[in-house]
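Work out the full structure, taking the sequences as your base and the hints as a guide.
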Amino acid sequence: MGQYAVRRFLYLLMVLLVVSAITFFIMHQIPGGPFSTEKKLNPTVLQNLNQKYHLDDPLPTQYADYMVDIFIPRVTSQEKVFSVTDDYLVNINLPLVDDAALRWINFGPSYKSPTLSVNDIVRDHLPVSAQLGVLALLVAMIIGIPLGILAALRKNTTVDYISMGTAILGVSVPVIVLGPTLKYIFAVELGWVPTSGWGDFDQMILPAFALGFAQSALLARLTRASLLQVLNEDYIRTAYAKGLRQRRVVIVHAMKNAMIPVMTIIGPLFAALITGTFVTERVFGIPGLGSYFVTSITNRDYSVIMGTTLIFAFFIVVANFLVDLTYAWLDPRIRLS
Amino acid sequence: MHSRFKSVLVVCALIVAVLGSSIGLTSAQDIKVLHTAYLPGDVILDPSLATWNNEIQIINQTYPGLTTFDENTVEIQPGLATDWSVSDDGLTYTFNLMHDVPWVTYDASAGEVVQIMDESGAPRVVTAQDVVYGVTRTFDPATGSQYAGVLAPWIVGGEAALAGEATELGVAAVDDYTLTFTSPKAASFLPMIYGMWMSRPEPQWAIEEYGDAWTEAGSYPSYGAFALKEWEHDVQVTLVKNPFWPATETLPEPKLDEVVFTYLEEPAMLAAYEAGELDWIPTIPLSDLPRLQAQYPDDLHIGPDTCTYYYGFNTEIAPTDNVHMRRALSMAIDRATIVQITAGGQIPAGFFTRPDVAAGPSQEDYPDLAIHSDVDGAKAELQAYLDETGQTLEDIPSITLMHNTSSAHATIAQAVQQMWKDTLGIDVQISAQDAQTYNETLRRDAPNVWRLGWCYDYPDANSFINDVYRTKGPDSNNHTGWGTDEFYALLDEAGVTEDVAARTELYAQAEYMLVNESAAIAPIYYYTSQQMTKPSVERSYAVNRIERLDKWDIAQ
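Keeping their order, the protein sequence lines are chains A and B.
Residue 0 is where the first sequence starts when you use numbering that gives the first Met the number 0, and the numbers rise one by one after that.
Residue 0 is where the second sequence starts when you use numbering that gives the first Met the number 0, and the numbers rise one by one after that.
Be a bit skeptical, because a hint or two may be false.
[Claimed, not checked] Ranges between beta-carbon positions, derived for each pair: (1) A:P42 - B:S405: 27 to 33 Å; (2) B:A488 - A:R73: 56 to 62 Å; (3) B:S119 - A:K79: 21 to 27 Å; (4) A:V158 - B:D297: 49 to 55 Å; (5) B:D444 - A:I333: 53 to 59 Å; (6) B:D444 - A:F313: 36 to 42 Å; (7) A:F313 - B:T470: 45 to 51 Å; (8) B:P122 - A:L58: 25 to 31 Å; (9) A:R73 - B:G344: 55 to 61 Å.
These aren't lab readings, by the way, just hints derived from the structure by calculation.
As the structure is a computational prediction, the values presented were derived from the model and not from experiment.
Even for Gly, the Cβ is constructed at its ideal location relative to N, Cα and C.
Structure below.
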């Protein structure tokens, strides 16, 4: 297991390196740059800005510098004055040595908001997205999985059709339609909850539901299909033959195996939800990380593009790792080696 | 099963509790708080780095400029400088600053705005040296100020300082409250330029103490009518009234106690406004305009904006290298129909420069100089083109019309395409690119016709026609390749002329060359602003869209 974890960690670093290299070189291939605005800048100003952010260095040099800032921990004196170019996510004051700190992971300054570092943006907005993502995933699982089970057990009955009808509704009504509709009914007309914002529980209800409902449809359909397949297995017939009740057969014997494909989806879904969902956040005015994935590209805010992409990649890899761990628990025949 | 039922009960109870508490809480408002919204995209509160309206609106309240202008007439007025004089050669301006304006900051633990003390315990006040520091910092290459480029031509040593050369910058403190700016060339609008946000006093001690974090709430010093209370990045900015601001006639004591800006997309803004959460929204989704006009006629206000929408022509490639072709295309654009399509109360444009800026000519006053939509005129120009080139309609080289990706631009482009087809029988190809790619395309390889908008930096005709068309080439904003010595001479003369009427006349002549005689560009419409304000808010509508929140009030 320990060896497995080490291997997965090395695998994580490799994925991040490949993702960073691809993103870095592709984003520099898109025409334009962070300072090619509609109003042309004074050429000297443009030159100063490119120099300030090292955008005039050769690309491989920029990439190498960037990777060093992110991956290589360094020991320096603790900065007295905050500088956006010198902002590390991990700052550990070293014991025994005076005024020395271990500093690690610096995504650099944002070019669009020059008084902020990418780490500032992540610290401000990732927790919000994570809260929304966790809530939405809970909603999705609470609605989706029971709906799927119900549909599978009552296959080809009215219950099945209603459940799957709801699921199809969830898949086909995107958040951009569902969100404003819910908002109009519950916030504008009825005034039960605020229209937008984040922080209070009443601000979270609508977005969590809007986002979770669409995902629940996916889970419901997957649970149904997967459970139906498992219910035809020999060992289920054996369980029934032993005289077990249906509830016990389904919950204890069938569900565990049926959850394997569901878990496979939930992992990346979780990573995608907690790192920010552009549409939901925009519709409900939630200050999450989601919009930075999109605006950073239209703004050519290179460091923010790199930061958001790498963070997303990190969560995907970690989520997949957790999924692998649950496989072993759900199906003892799967070994992590 | 039981436990699940219980947890459902708990969730229901929670929801009821939360709803109940939010209904129950109706706190008495004894302070005046204006709730409004900004489009997402965090502000920059560093005067040297700010670039756009949302930022300047806050900076003008926290760091008022040496000069300011009337929000209705754009007439220049005293700001932090009580008065100023200019030397006989028109190059040196001497500003007298207000005395004893204290630097303040919001102290969250005390819950109030407090004065900032220096090492000796005396209050820090705004001095001429602070302005010199601010301007010097703006020109420091390490600062990376974008608007330093706008100030550079108007201050001795500006370009050299920007390039990092050790040079004497043309700004000096004569004493604590007397300041001089020296320009390499005279211009009548210089007091307006020196009042812009990149030449404001800046707190050297705070910038050195806090580094890049100096504009954060808690450390942000300011001296204007409002101070920064809270700033959650890209979420919310709260301004609070500064009781230490010595009000003047032009910069009065604010009547509002607080202003809260929440970052929201347009539809979310409108929903929050209709739900009563916001008192003012500075923009609306245009698709909702007809409904809002019917539903809230008193709240809605359509007013001026700072920009002009126009099509430019590449005068260096066929067939738009021919003036008759360009005039034909420009005249064939039915501007009245376009503004019906855009449906936001936009005004058809006959000049590039907006009429509502200082020295901006209006098409009513100069009807013969402005370009007009004219079907017969367009056909005659097309015939002149065909006669001159010996071509037939079929020989005309293909024309490409380009815009940056946006459904609004696409709709207009399709309408213009149809107009050109119907009036002139010319087919054009439309293509679109994302904004950043588009900017590069215009710079390097401009198509026959392209769409752009221009918004002024300061409300003077100079910030329109001169700042865009006084130069040409890849480093400029002029992608037409057009420009004549005669045209430049007019602009230069208008720049140094003091009399507004005479300046207007000169700019009208220059506009005639640009949009009519040579038709290097085809102005289409003047943008408008659409805002919603609750009737309880007493406000003005600033022509330049940088609202004077210090003059607003809420009726109680």
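Here's how the hints hold up against the structure:
no. : hint                        : result
1   : A:P42 - B:S405: 27 to 33 Å  : holds, 28 Å
2   : B:A488 - A:R73: 56 to 62 Å  : holds, 59 Å
3   : B:S119 - A:K79: 21 to 27 Å  : holds, 23 Å
4   : A:V158 - B:D297: 49 to 55 Å : holds, 53 Å
5   : B:D444 - A:I333: 53 to 59 Å : holds, 57 Å
6   : B:D444 - A:F313: 36 to 42 Å : holds, 40 Å
7   : A:F313 - B:T470: 45 to 51 Å : holds, 47 Å
8   : B:P122 - A:L58: 25 to 31 Å  : violated, 51 Å
9   : A:R73 - B:G344: 55 to 61 Å  : holds, 58 Å
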